[in-house]
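> Spelled out from the first residue to the last, the chains are:
Protein chains: 2
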Amino acid sequence: MAFLSWRKPEEIKTSWVRIPPGPNVVRAREADGIVVPAMPTGLANSLLVFCMAVWVLRFGHRKFRDERASMHVALVARAFGAEKIIFEGEKDGGLLQRVEKIADEWGGPFEAEYAPDWVKFVERFKKEGGCFAHLTMYGLPLQGQILGIKKKSKNCLVMVGSQKVPIEAYNLADFNIAVTNQPHSEIAALAIFLDRYFEGEEMGKEWKGRRRITPARIGKIVKVCAEE
Amino acid sequence: MAFLSWRKPEEIKTSWVRIPPGPNVVRAREADGIVVPAMPTGLANSLLVFCMAVWVLRFGHRKFRDERASMHVALVARAFGAEKIIFEGEKDGGLLQRVEKIADEWGGPFEAEYAPDWVKFVERFKKEGGCFAHLTMYGLPLQGQILGIKKKSKNCLVMVGSQKVPIEAYNLADFNIAVTNQPHSEIAALAIFLDRYFEGEEMGKEWKGRRRITPARIGKIVKVCAEE
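Chains G and W are the protein sequences, given in the same order.
Just so we're aligned, residue 16 is where the first sequence starts under my numbering, counting upward by one.
Just so we're aligned, residue 16 is where the second sequence starts under my numbering, counting upward by one.
Just chain G, with the same shape it has in the complex (with noise of 0.2 angstroms):
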C-alpha cells in the first residue's frame, strides 16, 4: 500500500490530504484503482490519509570518510520530514545505529536502512507508483520542478550523492533537480529540497521524542520527558 495508510489522529501532518472515512475514500478507490486497506483494530478514531512520504536514498556512503556528512544527511532529512534513510555504498552498522538513537531520543517516525542493490531498490519503488527525483547541480532548477514531483506522486525518494553518481542514476529519475546550478553541499540541497517540498510546514512539526528544547531567546534549556 503505497499511498493509503491509517494514520492516529496525532501522526497526521497537516500537508497531508485528507480523506474522512466514507464516500471520498470510496472514489479514491474508484479514481485511482487503490485498494483501501481494513481499518486496524484499536484505530477507531484513526483517519484514511494521502501520505506525502518522502524517503532520501544517500548513494555511495564510504564508511570513514563519509562518517560525518552521512550523518548529517540522515539527521537533515528526518529534521526536515522525510521518514526513511537509505544508505547505499559500504555497509555501515555503526552509522544505521547512530541514525536510530537519534530518532529513538528525539522522536521519530524514522528509520535507517541499508540497499545493497540501490538499482534494484528505485526500480521497484517506481514500480509501486512512486517519483524517483535526484538531485544534482547539473539537474533542471527546484523552483520550476517542485509541483510537478508532487503531482506525479504523492510518494518520493529523493537520491543525494557522496562519491560520483553514475549516469544510471540520472537516466532513472523522474526528476534531475538542481537546488542552484553552483558547487555546494548535499546536506544543504537536501535540506532546500525538502523545506520547499513541504512548503515549510516541517518547520512547525512538534516532535514526541524523550528530548525536546525549549526554544530561548538565550541559552540552551533541554527537558528530558519520560516515554509518552
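It should be emphasised that the hints constitute simulated quantities derived from the structure, not laboratory data.
Since we're looking at a predicted model, the values are computed, not measured.
A portion of the hints provided could be inaccurate.
With a Cα cut of at most 20 angstroms, we get these calculated SDA-like pairs of lysine to any residue [claimed, not checked]: (1) K179/W to T229/G; (2) K220/G to Q160/W; (3) K99/G to P198/W; (4) K238/W to I228/W; (5) K220/G to E98/G; (6) K179/W to I236/G; (7) K99/W to R139/W; (8) K116/G to P198/W; (9) K238/G to P156/W; (10) K220/W to G159/G; (11) K220/W to L155/G; (12) K235/W to Q158/G; (13) K220/W to P198/G; (14) K235/G to L187/W; (15) K235/W to P198/G; (16) K135/G to Y185/G; (17) K235/W to L187/G; (18) K179/W to R232/G; (19) K235/W to A184/G; (20) K78/G to G108/G; (21) K235/W to N186/G; (22) K179/G to R232/W; (23) K220/W to I161/G; (24) K235/G to D189/W; (25) K179/G to M152/G; (26) K141/W to R232/G; (27) K78/G to E82/W; (28) K238/G to M152/W; (29) K235/W to D189/G; (30) K141/W to L187/W; (31) K141/W to V180/W; (32) K141/W to I233/G.
Starting from the known structure of chain G, arrange chain W on it as the hints suggest.
Only chain W this time, still in chain G's reference frame:
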C-alpha cells in the same frame, strides 16, 4: 559606509531596495543620518542601493577534522547569496585558497578571510550597525524571527559553529535562531536561513563566472566561458 553603496545595474539583486538618484537619496540621508558616497567616475549608469549584505562567520574551524564541513559551509554561503565568509579557529590558508578559487571560477562577488579574534570582529560589526545572528538548535524558531532580523539592519552577520560554541556567542547575538529545534547540520541550517532571508530570490541569481552549467533534464552540460 555600511548601508549605502554604488552598484552597477547588473550587480543589483532584486531583493535590494533600489533608491533612484535624486530626491529619494536626500530623503534617505535626512531620515537615517547616512552620508551618501560620491558617485565613482565611470559608473554613470549605476544606482544607489540599500544592500542586504550577509556575511557568514564559521566558528571553531579545525584544520583537518573540519576541512570538508567548513568547505561546505563556505560553498553554501556563496551559493545562497552571502558575500563573505569569515573563518575562526585554526588558521587554514589552503581552505581560504580553495574557497577563493571557487569564487574565481564560478563567479562572485564572494570573499573568504580569517579572523584571529572573533569577539572583536563581532563587536566591530555590531558597532557599525549590523545585526549579529547566531544559529543554534536551542534558539527561537527562524520563521518567527526572520523579519525582525531583516528589520534590525540591512547588514547581517550569521554565525555557525563547528565545535561547541561558548556562551559568549549567545550573549553577543542579537538573535539566537533555531532552524528547527532538532539536531541536524549547520550546513543545512545556514542554507535554510539564507533562503528565508533572501526569500528564495537567491535561487534565481545569474552567475557570471567562467564555469557555467546549462540546466539539463538528463546529463551534464558545463560551459567554460571567456572572462567578461
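> None of the hints should be skipped; say for each whether it holds.
Consistency of the hints with the structure:
no. : hint             : result
1   : K179/W to T229/G : holds (19 angstroms)
2   : K220/G to Q160/W : holds (17 angstroms)
3   : K99/G to P198/W  : holds (16 angstroms)
4   : K238/W to I228/W : holds (6 angstroms)
5   : K220/G to E98/G  : holds (13 angstroms)
6   : K179/W to I236/G : holds (16 angstroms)
7   : K99/W to R139/W  : holds (16 angstroms)
8   : K116/G to P198/W : holds (12 angstroms)
9   : K238/G to P156/W : holds (17 angstroms)
10  : K220/W to G159/G : holds (14 angstroms)
11  : K220/W to L155/G : holds (14 angstroms)
12  : K235/W to Q158/G : holds (19 angstroms)
13  : K220/W to P198/G : holds (14 angstroms)
14  : K235/G to L187/W : holds (15 angstroms)
15  : K235/W to P198/G : holds (13 angstroms)
16  : K135/G to Y185/G : holds (15 angstroms)
17  : K235/W to L187/G : holds (15 angstroms)
18  : K179/W to R232/G : holds (18 angstroms)
19  : K235/W to A184/G : holds (12 angstroms)
20  : K78/G to G108/G  : holds (10 angstroms)
21  : K235/W to N186/G : holds (12 angstroms)
22  : K179/G to R232/W : holds (18 angstroms)
23  : K220/W to I161/G : holds (18 angstroms)
24  : K235/G to D189/W : holds (16 angstroms)
25  : K179/G to M152/G : holds (12 angstroms)
26  : K141/W to R232/G : holds (18 angstroms)
27  : K78/G to E82/W   : holds (17 angstroms)
28  : K238/G to M152/W : holds (13 angstroms)
29  : K235/W to D189/G : holds (16 angstroms)
30  : K141/W to L187/W : holds (9 angstroms)
31  : K141/W to V180/W : holds (19 angstroms)
32  : K141/W to I233/G : holds (18 angstroms)
In this structure, none of the earlier numbered hints is contradicted; all agree with it.
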